[in-house]
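Letter by letter, the chains look like this.
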Amino acid sequence: MTAAASKCRVCKGPAVIDLPRHNAKFCAEHLQQLCRRQMAKAIDDFDMLSPADRILVAVSGGKDSLAVWDMLIEAGYQADGLYIGLGIGEYSTDSGGYVQRFADERGLHLITIDLRDDYGFDVPTAARATKRVPCSACGLSKRRLFDKAALDGGYDVLVTGHNLDDEAAVLFGNTLRWDIEYLARQLPVLPAGNGFPKKVKPLVRLTEREMAAWCLVRGIDYVVEECPIAAGNRHLSYKESLNAVEAKSPGAKASFYLGFLERMAPLLAGMSAAATGELNDCDRCGSPTTGDVCAFCRLVEKSSAHEPVPVEMLLTRGGKVRR
Amino acid sequence: MKVLLRNPRREIEVEGGHSVDRLLDDLGLSREAHLVIRNGTLVPGDARLDDGDTVEVRPVISGGAA
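Just so you know, the protein sequences line up as chains A and B, in that order. Quick note, the first sequence lines up with residues 1343 to 1665 if you use the numbering used here. Quick note, the second sequence lines up with residues 279 to 344 if you use the numbering used here.
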């Protein structure tokens, strides 16, 4: 026997979630209404998408990317999915399965790229071969392949599932280092040009707790387990720190990030390399780069020549990542 | 009651009769970083958890810096 819990602010029905930053609780229906409105406001405020756009959504099998794909389709946009197999052992196998089932169940078009099959390496091998931390090798590969797939496929815009927590954590890290180059391009919309597709982040007004709740109330299965080689990375520690602040001051994350966009980003406009036109074409692939050969081509060269490294080799006996 | 935890996936037995918020506090888990599912349904922080319930505490923080 379970006692009745609190009520939805909108309809007074049974609440499923409390959102301290809104000082309210919501039922499943009105949680979805809140999420739809927040995404629509982000799209409108930052001129992210037009109804006729052909959209490519980068999907990982996690809650955020599947949620944004679901929300865009529900809102009537034309959106295909792009999944990149990263070769991170069972984690990648499971993630790919969630994405494929999501697409199949809804009759959506999914493009799949496999790093090992298509480029001759995987993320654990790239990390070892280039001596990069795994998340760095992974991020570099994903960003380049997202851009290439969007341009090759003739898509108008590339969508990623970055949410408020992601953006606030990146902003926190960039601010701790006063990294003006990164701060200047930490925007929810990056325009097409200089060899890049237009890239947008429609979930920047929504937290990852709200996105996980969206998936639960919508019946979306996603990979809950954390990437085994992301565990303990600096980005996650920034999120934990910001959540400690949020617990004391609900709304702090939104104020930090959305305040940056409103009041600080305009002052930094034009200060990134892409904005100042300091980019060349990569000698090998033609992609934009600040040097002669782009970082991705250098990574492919080293990684594809390296003996494959199983993900377990990056982990200590205690399951932690060797960094 | 049975409580499923993730990352790593494991199950623990916890005495019922308390709220969701109390469970998270007792486990030392951030309310901002978790959702609680009682008998298959998402529930808010003041929902009561009883001995017969099956509970999942689901972390929501994810991702590398990519």
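Hints are computed from structural coordinates only; laboratory data are not their basis. For glycine and all other residues, C-beta sits at the position ideal for the given N, C-alpha and C. Incorrect hints may appear among the rest.
Simulated restraints, written as ranges between beta carbons of each label pair [to be verified]: (1) A:Arg1379 - B:Leu307: 39 to 47 Å; (2) A:Ile1453 - B:Asn285: 24 to 32 Å; (3) A:Gly1496 - B:Gly294: 55 to 63 Å; (4) B:Asp304 - A:Asn1536: 46 to 54 Å; (5) A:Lys1590 - B:Arg300: 14 to 22 Å.
Cross-link-like lysine to any residue pairs, in silico, SDA-like; alpha carbons within 25 Å at most [to be verified]: (6) A:Lys1349 - B:Arg287; (7) A:Lys1349 - B:Arg284; (8) A:Lys1349 - B:Gly294; (9) A:Lys1590 - A:Arg1363; (10) B:Lys280 - A:Arg1363; (11) B:Lys280 - A:Glu1568.
Verification of the hints:
{"no.": "1", "hint": "A:Arg1379 - B:Leu307: 39 to 47 Å", "verdict": "violated, 29 Å"}
{"no.": "2", "hint": "A:Ile1453 - B:Asn285: 24 to 32 Å", "verdict": "holds, 29 Å"}
{"no.": "3", "hint": "A:Gly1496 - B:Gly294: 55 to 63 Å", "verdict": "holds, 56 Å"}
{"no.": "4", "hint": "B:Asp304 - A:Asn1536: 46 to 54 Å", "verdict": "holds, 53 Å"}
{"no.": "5", "hint": "A:Lys1590 - B:Arg300: 14 to 22 Å", "verdict": "holds, 19 Å"}
{"no.": "6", "hint": "A:Lys1349 - B:Arg287", "verdict": "violated, 31 Å"}
{"no.": "7", "hint": "A:Lys1349 - B:Arg284", "verdict": "violated, 28 Å"}
{"no.": "8", "hint": "A:Lys1349 - B:Gly294", "verdict": "holds, 22 Å"}
{"no.": "9", "hint": "A:Lys1590 - A:Arg1363", "verdict": "holds, 11 Å"}
{"no.": "10", "hint": "B:Lys280 - A:Arg1363", "verdict": "violated, 30 Å"}
{"no.": "11", "hint": "B:Lys280 - A:Glu1568", "verdict": "holds, 22 Å"}
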